[in-house]
Amino acid sequence: MIPVPGLEFYITLIVYILVFLIITLSYNMAYGYTGIPDFGRAMAAGAGGFLCGLLPGRLMFYLLGFQGDYLENIHLVIDKINAVLSENPLLSIMLLTLTVFLGACAGGALGLLASLPIFRGIRLFYLGVTLLAIQIGFNTIMYHWPVLLRGELGVPIPDPFKWLIRYSSPALPPGVLRLIGIIVIAGVVLLITIFYLTSVSRSPLGRVLKAIRDDETSVAALGRDVRGLYVKVMVVSYAFTGAAGAIFAFYQGYVVGLHFDRVEWTFWPIAMVILGGLANYKGTAAGTIFFITLKRLIIFYKANLEPILPFSPIWLESLLLGLILILVLIYRPRGLFPEKPEISLSREEIERIREKIKRKRSE
Amino acid sequence: MIPLLLQNAIVFANILSLMAISATLALSKTNVPNFAVATFGTIGVYITFTCVKIFRLPLYSSLPFCLIFGGLIGVAIYRLMIKPLRERGATREEIMIATLGLDIFLIAILNIYADYLTRAFKVMARDFTFSAYDFSIAGLNGVFVASTIFFVATMVSLHLIFTKTSLGIALKAMGEDQSLAECQGINTDILCLITWFIVGALPAAAGVFFPVNWISNPTVSLFIVVSVFASCVLGGFSTIYDAAAGSYIIAMAQVLLIPYLANIVGVWILPYGFLVALLIMILTIVIFPKGLYGLPWNTIGEFLLKLFNYVKEALRVKA
Amino acid sequence: MLELRGVNAGYGKHQVLFDVTMNLKKSGITVIIGPNGAGKTTLFRTIMGLTNIYSGLILFNDYNIVNLKPNRIVKLGISYVPQRGSFFENLTVRENLLLGGYILKEEERHSIMKEVLELFPVLARKDYINRKASRLSGGERKMLAIAMGLMKKPRLLLLDEPTEGLMPKLTIEVYKKIREIHEEMGTQIVMTAEKAQLSLEIGDEAFLLVSGQIKDHRTTQEMLNDPNLREKYFGVYG
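Protein chains in written order, with this note's numbering: chain A, 8 to 370; chain B, 28 to 346; chain C, 952 to 1189.
Next up, chain A with everything else stripped away, as it sits in the complex:
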């Protein structure tokens, strides 16, 4: 019997889509506009996500005046914090907003680091290698330094959606309201992202960014502050990703230093952006929705795939990711929805004007 996805599947799907839309759209801004394949992107999501494991728990720990060692009694402490939060919607929302905001700040700070002048002017390939390596180093420190996230044990995160359970009805599966809470906050951040992106792409800034990608020197020669713009794009893009990481950590309720790995948070987003088409928001969104749905369906039908596939379905995802990246780059390098060349006047119009000038000259 093939199972049919239920309400919970769809709601979780929406959570994933919203979180990854924030990430891919902001990634697209940085990659599509500056032409820099940023292989350290998982770091930005990690900055927000790990911050969730580090900050809100400790913050509440001190605010509520608990005694003793925080990390040693963490499960007990978080349970107590959650009890307080479930009584206190306002406090919950404040904690949530603050953490997501700080997650964005942490991401932005990393973006600032990644756009340091020492990384500029080096060959793009070196930049890719370096950012990738730094990201691996970042995850290693997060995982192996027990003071941060208790190493392989990981830490639980306070749940700012506990108070929603009060409004739940027996008709709804448990936990659905919590997911809806996450959808709301993810939706808000996504709207801010989209608002920022559309305002950028319509503004002179967007045009300048595209020009930087095509020819940096000429933009600088035209008197534009290339360096400043570059930093701005990197910081904003990393900040949105950081916020998305924080939201995802809240969704999981738990974070380990191994989370926010490069496959899930760098390579998949790159595949989504490439499949959609660079510097094209519609394409990126389509690519993201397509891939996320595919991935969730694979997880959902894992048990049904088991007998059909000659191998364990655990590997199906990375098999597909690798294949799709290669095939898209070979056959559809500009994505399913390629960026349209920007011609301010249509060809015919230009031809007509040319004719007119010619006629005038001959007169």
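FYI, nobody ran anything at the bench for these hints, they're computed from the structure.
As the structure is a prediction and not an experimental result, all values here were calculated from the model.
Heads up, the beta-carbon is just placed ideally off N, CA and C, and yes, glycines get one too.
Be aware that one or more of the hints could be misleading.
Here are a few chain B residues that face chain A, going by a calculated C-beta distance under 8 angstroms [unchecked claim]:
(1) Arg-115
(2) Glu-120
(3) Ala-159
(4) Asp-161
(5) Ile-164
(6) Ala-165
(7) Leu-167
(8) Phe-256
(9) Val-260
(10) Pro-298
(11) Tyr-299
(12) Val-303
(13) Leu-305
(14) Ile-307
(15) Ile-309
(16) Leu-310
Label-pair distances were calculated between CB atoms; the ranges are [said to hold, decoys possible]:
(17) Trp-324/B - Asp-1177/C: 55 to 61 angstroms
(18) Asn-58/B - Asn-987/C: 28 to 34 angstroms
(19) Ile-9/A - Ile-242/B: 24 to 30 angstroms
(20) Asn-58/B - Arg-1035/C: 15 to 21 angstroms
(21) Glu-1066/C - Leu-84/B: 53 to 59 angstroms
(22) Arg-1130/C - Glu-114/B: 36 to 42 angstroms
(23) Ser-158/B - Leu-330/A: 34 to 40 angstroms
(24) Leu-330/A - Ile-242/B: 41 to 47 angstroms
(25) Asn-1041/C - Ala-346/B: 29 to 35 angstroms
Mind docking chains B and C on chain A? Use the hints.
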């Protein structure tokens, strides 16, 4: 007598060198930044595993199989992925992303293969070592002797190919300007295939030595890839000699320096071993981005000579 | 010897050559003149198989060479000396020359090198031959490029702007050398030139290429005497 730790460091240096040479050749001759290079090594690990555990062959007799199969895989990757990408005019960044995809794909395949081995032959195909299969001569580990001999043989034969044959000069020319090389009548397609045979074969050969000293599984490449690229960057991504020199420096720092530091500051530092490689890489990029290759060796040589003469003079005056 | 029939070619979707038809007779130096961006370099690259050819035929001794790879075309006897980047900067002069004769057999390569070096004594000097090619001066670079082209013992030599960027004295020297090569070795030569006058003086027949189309084909003498062409394409430089 060579201390065990130093032996291990040299084994690691040999392994890194083989991979770094492969990555350097791929970039300097065919303009492909190959992120999957460390996974090519894991392929070698599993070829060795198959030879040793399934076909019951002696450990080092799997070396020719690794060279041949690894080389053929390299050739296949060139034909099926790199060539179509280049024919449609892909940028170096796009090829770089494609090799990342290849890396993920190959790791998945290796995982599936490990599953298959476990199921079909009831062997432990993950987290294994081959230390039990190694021999020792005169107090030296077999893997130390074998990997060093193989490394030296590789260096000598590559050196001879690149400097003494017209194939070598043609390869050099292709690395500099492919279409101009074609206009000299050089069949760059065949040269690329030869290069990619070497690119695939060398890391696979390194896969014979790796599991003797270190625990191996399909994802082991994730931990080596940073060291490999650090070696290449330190070397300058230009010649095989610089790649080997870079590898030796990185391997010594990683295998000798970290345990030494652990004695002083505590064992907590051990998991951060590869951060040393990362640090060296970043410092290289910042301070001398062209790596060892780009250093002004003439000036340095003259300076050292002057220093040497000066010291000699001073000593003589003293005497 | 070489014949183009209705060739349309370009880079990707960007078409540069439009219906180019030309027939190069045996023997003689052919000059292709035309303004900047007319497609002279693209014409050579098309012959060598380095562009996308949409339609048309390119016949070399009645053998269609469209869709052949450059290394095959070289083996048929066409040698191409690009305008820029015509040799390998990081290799020595000797290595460059030997690469130029890559298609020849080992012994033949060395005997040809001797012949070629006799034509270009400046490259044969002891301190030059083992010098990195990137250290050569402008005139020597052009000489090396042409020498590399000759190393293939070509039947047809394509020279793209052999005197670009050279001072007038050197320009005349290079053109003399080209004439010498043609007369001594009997190699058929096609060259492009923006400084049209001098090249026309040593050439036999000429084509005028404008906006990717052949607009004129006459002997060089006739071209030189055409005041209309003179004003339009020869420029102040003469």
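Now the hints, each set against the structure:
no.	hint	verdict
1	Arg-115	holds (7 angstroms)
2	Glu-120	holds (5 angstroms)
3	Ala-159	violated (28 angstroms)
4	Asp-161	violated (29 angstroms)
5	Ile-164	violated (37 angstroms)
6	Ala-165	violated (38 angstroms)
7	Leu-167	violated (33 angstroms)
8	Phe-256	holds (5 angstroms)
9	Val-260	holds (7 angstroms)
10	Pro-298	holds (4 angstroms)
11	Tyr-299	holds (7 angstroms)
12	Val-303	violated (10 angstroms)
13	Leu-305	holds (5 angstroms)
14	Ile-307	violated (11 angstroms)
15	Ile-309	holds (6 angstroms)
16	Leu-310	violated (10 angstroms)
17	Trp-324/B - Asp-1177/C: 55 to 61 angstroms	holds (59 angstroms)
18	Asn-58/B - Asn-987/C: 28 to 34 angstroms	holds (30 angstroms)
19	Ile-9/A - Ile-242/B: 24 to 30 angstroms	violated (40 angstroms)
20	Asn-58/B - Arg-1035/C: 15 to 21 angstroms	holds (19 angstroms)
21	Glu-1066/C - Leu-84/B: 53 to 59 angstroms	holds (56 angstroms)
22	Arg-1130/C - Glu-114/B: 36 to 42 angstroms	holds (40 angstroms)
23	Ser-158/B - Leu-330/A: 34 to 40 angstroms	holds (36 angstroms)
24	Leu-330/A - Ile-242/B: 41 to 47 angstroms	violated (29 angstroms)
25	Asn-1041/C - Ala-346/B: 29 to 35 angstroms	violated (47 angstroms)
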